Amino acid sequence: MGRSILKENIGMNWGSFMGLQFFLLFMVLVLAGCNPDEQDEPGDSFDREAFLINAADNLIIPAYSEAVVSAENLCIALWDGTLEQSRAALKECAMKWQAVALFDFGPAVGRNLLGTTNSHPCDSLDVDEDVMNGNVVPGLPSTLDRTGLPALDYLLHKGEWNADRLQHATFLANHLHDELQAVHDSWVTEYRDDFVSRTDTDIGSGLGMMLNAFNRTYEGNVRKGKLGLPAGVFSFSGNPAPQLAEAYHAGDWSVDLLQEAMLATERIYLGGEGIGLDDYLQSLGDVSYGTELDAEIKAQIAAAQAAVLTLDDPLSEYVVSNQPAALDVYSELQALVILLKVDMMSALGVLVTYQDTDGD
Amino acid sequence: MTRLVSAAPLVTLRRLFAVLTLCSTVRFIGYGWVETQILQPTWLFPFDGFEWLPRPTVEGAILLFSGMLAGSCLMFFDRVARLGAFIFFICFTYVELLDKCNYLNHYYFVSLVAFLLILIPARSDRPMVPLFMKLAFQGLLALVYFFAGLAKLHTDWLIEALPLSIWLPQHSSLPLIGPLLAERWIAYAFSWAGAAFDLFAPFALFSDKLRPWFYPILVVFHVLTWVLFPIGIFPWVMILSTTVFFRDDWHYSLWDRLGLPLAKAQAAPLVSHARMGWQFAAIAVLFVFQVIFPWRHLVYPGNPFWHETGYRFGWRVMLMEKSGMATFYVKEETGVERIFELDKILTPNQVKMTATQPDLLRQVARRIAAENEGEERVRAEVWVSMNGRRSQLYLDPFEDLSTPIASWASRTYVLPLDSVIRPAEWDEMRENLRDERGW
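Going line by line, the protein sequences match chains A and B.
The opening position of the first sequence corresponds to residue 1 in my numbering, with each subsequent residue numbered one higher.
The opening position of the second sequence corresponds to residue 1001 in my numbering, with each subsequent residue numbered one higher.
It cannot be assumed that every hint is accurate.
[As the list claims (entries may be wrong)] Straight-line Cα separation of at most 20 Å, DMTMM-like style, residue types lysine to aspartate or glutamate; simulated pairs: (1) K1344/B to D145/A; (2) K158/A to E317/A; (3) K158/A to D128/A; (4) K298/A to D278/A; (5) K298/A to D1427/B; (6) K1344/B to E219/A; (7) K298/A to E273/A; (8) K1331/B to D1256/B; (9) K298/A to D328/A; (10) K1264/B to D1125/B; (11) K298/A to E1425/B.
[As the list claims (entries may be wrong)] Which residues of chain B face chain A? A partial, calculated answer using Cβ under 10 Å: (12) L1104; (13) S1173; (14) W1383.
The hints are simulated quantities; they were obtained by calculation from the structure and are not laboratory data.
Keep in mind it's a predicted model, so treat the numbers as computed, not measured.
Beta carbons are placed, not taken as given, at the ideal position from N, Cα and C, and that holds for glycine.
Using the sequences and the accompanying hints, generate a full structural model.
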């Protein structure tokens, strides 16, 4: 009943007409298929599992191990070393922290590792109070700015070094160590295998989590936290904010931390000695978003590292006396953000979102 | 047009649609998207002309989503189907209008189908409907495919096989087809076949001869897109709703087998011409609109994928890999310029969506200016990469984005795609340009 002769005819006419068109398109398609661009790499797919295994075993777990050892050494130095030895151990621990910070996903997010161990600047009045009362509970949202590395930086470098301070510093160092140890243990016992098995590229994949964390930490903690904030890029007045320099109280190794963070950034990009993001981009072939982008990112990492070398400690003084120069260095760090966050993420097609939604 | 045909295909469509919208609403709630997309965001970016829509509170959201669930259920049953479609349409469309960042073509399609189901009675106890009612659904589906196909006829898609060259190799670890997906020629094959499929679909679906072999291809095509891309329920919407093209017998036997037999078309009750008149007029107007509206990008110079004027509501589905990053600067009355940090205000999805869509970037700037209530000007340095191109400056970096401009106005503040300014060049020219533009 619902069929009409008219429609039958239309169907046939369109059918034969479109059949021809489709045949032509199909032929073009076959020709396109038989004639791939000679310059392209033969469909050499990138081994994401190998990439994740290299990241876990040669970058992430060693970074946590070294951070745990450095925190242990800090505890030991506080226990039976001189103040100088403790300061050196604190610096070493802060340096090792830089590599860990770029892996802010999985167990680290679960424990809010970055927040609990390094929310700077610390509130020195609160820390003084804690030295007196000694009943601070680390790891709470309200106590982030009175624990971790910044509080230790203050305790070990400002004010009169005494038994109360030593006791409180030991307490904070132990907590720092325990947090790093806990995340390290999670990685070693269970998370590592889970991570390397997530070979997809969606939001919950190993690559997706790792790259999102990498970009977020580089952008927020390295570019902004270590230089942008003290240099006044984000301040209302545009004036430098020297007290926001990392390791402000120690004074003479703020730039060292930034350098270390840049080295860690480079190490992740190159995958250490193994398969890294550079190999991933190269596997995309001789296209603008492949080898060309890889070369540009490497050049920009080098430019940013060279720029960072021009900074001098104490950074808190440098940003005041040389603010324009500090802003130039910031531009180099910012240029790398664009390459990593826009160009690289778009080339890899990994969702640059930190949220699960449908697309179209 | 007013000739009577069997209502069976429409009954099938309505029932399948009801099941789909129910599942889709449950899925949306289950994924926690009510919180992350509607309740949690500090700012929402409504569609033009809908800024007045009150933002739902928790109770309001519960009401809206209960409405969608209830409407979907009612849609399944004959007597209350149009009421259900009405409730669903209102609640669903309300939510869609709240924030452009959540726009998806298939949400728009769902709204349109729900709207048609308000107008069109598709009851299992009334065996006949005028032909134009069936054509309304078939025509809409045909337009969706056809426009999706037309949108693929451009150089990035056909000559460069982008963005599929970027997307497909990501799935090289899939079983069976995985290794193939890493091959470059496969991206070309998929691009061309995809365009041909979309353009050909309307004709094949209308033809009784071609449909039997085309429909399996359609199923394979949509399932493949479902496997490869994060496009939610869209493939299932298309697979199920295209059954409206099937012959009547298929529909009768389907519902016989499912134990919900339809009244067979025998003595057809006459449809009142007065009622048909306004329905015909409404559907005709809607259809003419649907035919014309997706072409509106032609009015604007430049690459529509780049400036995105007239981009939405045009069935441009999964056509580009575009990512960006925007830094907003507020110029105070005092002359000091500071960065306005968005990450803490926008949700991650909003950060992503606003960075590549000019009208959204302007809406963000207006919100920033409104927050500050002063004489501030707001500018943005935006870097965007599209379809494998390297990142380039997207908007005029010294345009005051806080001045209101209709989103359909020509977007002269979007730098042309071929005027490539890379970060290094921008560093060189920034301060000179700042003086020149009096910023």
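Evaluation of the provided hints:
no.: 1; hint: K1344/B to D145/A; result: holds (19 Å)
no.: 2; hint: K158/A to E317/A; result: holds (17 Å)
no.: 3; hint: K158/A to D128/A; result: holds (11 Å)
no.: 4; hint: K298/A to D278/A; result: holds (8 Å)
no.: 5; hint: K298/A to D1427/B; result: holds (19 Å)
no.: 6; hint: K1344/B to E219/A; result: holds (14 Å)
no.: 7; hint: K298/A to E273/A; result: holds (15 Å)
no.: 8; hint: K1331/B to D1256/B; result: violated (69 Å)
no.: 9; hint: K298/A to D328/A; result: holds (19 Å)
no.: 10; hint: K1264/B to D1125/B; result: holds (8 Å)
no.: 11; hint: K298/A to E1425/B; result: holds (18 Å)
no.: 12; hint: L1104; result: holds (5 Å)
no.: 13; hint: S1173; result: holds (5 Å)
no.: 14; hint: W1383; result: holds (5 Å)
In terms of the numbered hints stated before, the structure departs from hint 8 and from no other.
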